[in-house]
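Line order of the protein sequences matches chains B and S.
If you read the first sequence in this note's numbering, its first letter stands for residue 1, the second for the next number, and so on.
If you read the second sequence in this note's numbering, its first letter stands for residue 1, the second for the next number, and so on.
It is possible that some hints are incorrect.
Said to hold, decoys possible - From the derived model, a few chain B residues whose C-beta atoms are all more than 12 Å from chain S:
1) 11
2) 17
3) 22
4) 26
5) 56
6) 67
7) 81
Claimed, not checked - Quick list of the computed label-pair ranges, beta carbon to beta carbon:
8) B:16 with S:72: 43 to 51 Å
9) S:63 with B:81: 39 to 47 Å
10) B:92 with S:3: 19 to 27 Å
11) B:40 with S:85: 17 to 25 Å
12) B:18 with S:87: 32 to 40 Å
13) B:55 with S:52: 34 to 42 Å
14) B:60 with S:68: 37 to 45 Å
15) B:51 with S:8: 39 to 47 Å
16) B:57 with S:3: 22 to 30 Å
17) B:67 with S:13: 45 to 53 Å
18) S:63 with B:17: 48 to 56 Å
19) B:82 with S:9: 21 to 29 Å
20) B:57 with S:68: 39 to 47 Å
21) B:39 with S:13: 18 to 26 Å
Since the hints were made in silico from the structure, they are not lab data.
Think of the CB as a built atom: it goes at the ideal place given N, C-alpha and C, for glycine as much as any other residue.
Each chain, letter by letter, is given below.
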Amino acid sequence: GQQVMQIPQYQHVQEGEDFTTYCNSSTTLSNIQWYKQRPGGHPVFLIQLVKSGEVKKQKRLTFQFGEAKKNSSLHITATQTTDVGTYFCAGPGGTGKLIFGQGTTLQVKP
Amino acid sequence: DTGVSQDPRHKITKRGQNVTFRCDPISEHNRLYWYRQTLGQGPEFLTYFQNEAQLEKSRLLSDRFSAERPKGSFSTLEIQRTEQGDSAMYLCASSPVGGEANIQYFGAGTRLSVL
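Can you build the whole structure from these sequences, using the hints too?
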């Protein structure tokens with residue numbers, strides 16, 4: 001069945017360093033979404049990418065959708081302690097359900 | 001609070017007992033989803049409702065699991081004869097029709113511990 005994979009699983013950075021997480025799908029996606037889950041919290045929608053090669057920015061966060069629409073990345077510039085959490089990519093699995101990656105957990109050392 | 005509401009937040013039960021969770025979606029969201037999340041993993045799809053119709057069930061949803069959404073409003077997820085492997089966070093999400101139909105809004109979840 002359809003799979004969505006993310007790497008790395010964990011990332012520890014010093015505050016101010018950059019961070020990137022990568023997402024790969026076994027199938028071509030019509031769109032890809034990114035969610036953030038704070039420790040002890042629930043997934044919160046960040047952004048949706050739809051077009052091949054699309055790049056979107058939200059302040060220090062840059063999201064990319066690959067040309068083949070099978071991969072995506074999230075890059076955070078100059079991490080802050082408020083960026084701590086687990087970042088999930090998710091692709092549509094038909095009927096509106098989402099197929100989530102395993103997530104990348106970001107720890108930021110102040 | 002106009003977000004997705006789940007109750008209870010935590011449930012501890014003994015193996016073999018039945019449990020029921022409730023989800024109140026954002027009003028006027030006609031799509032409702034249940035997911036299960038275990039430690040270190042992303043949410044896994046369980047089932048999906050559009051209004052009161054249950055349109056899809058995952059293979060993860062064994063015969064011990066049943067979900068309902070009477071009148072297309074709140075939903076309940078029941079687990080019968082719980083097993084230790086059922087211990088997880090059960091998340092509910094809802095989404096609207098139309099332009100933002102892909103975006104899912106999650107509740108805080110119900111954490112189930114089966115002893």
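We went through each hint and held it up to the structure:
no.	hint	in the structure
1	11	14 Å, holds
2	17	23 Å, holds
3	22	15 Å, holds
4	26	15 Å, holds
5	56	14 Å, holds
6	67	21 Å, holds
7	81	22 Å, holds
8	B:16 with S:72: 43 to 51 Å	49 Å, holds
9	S:63 with B:81: 39 to 47 Å	46 Å, holds
10	B:92 with S:3: 19 to 27 Å	23 Å, holds
11	B:40 with S:85: 17 to 25 Å	23 Å, holds
12	B:18 with S:87: 32 to 40 Å	37 Å, holds
13	B:55 with S:52: 34 to 42 Å	40 Å, holds
14	B:60 with S:68: 37 to 45 Å	43 Å, holds
15	B:51 with S:8: 39 to 47 Å	42 Å, holds
16	B:57 with S:3: 22 to 30 Å	26 Å, holds
17	B:67 with S:13: 45 to 53 Å	49 Å, holds
18	S:63 with B:17: 48 to 56 Å	49 Å, holds
19	B:82 with S:9: 21 to 29 Å	24 Å, holds
20	B:57 with S:68: 39 to 47 Å	42 Å, holds
21	B:39 with S:13: 18 to 26 Å	25 Å, holds
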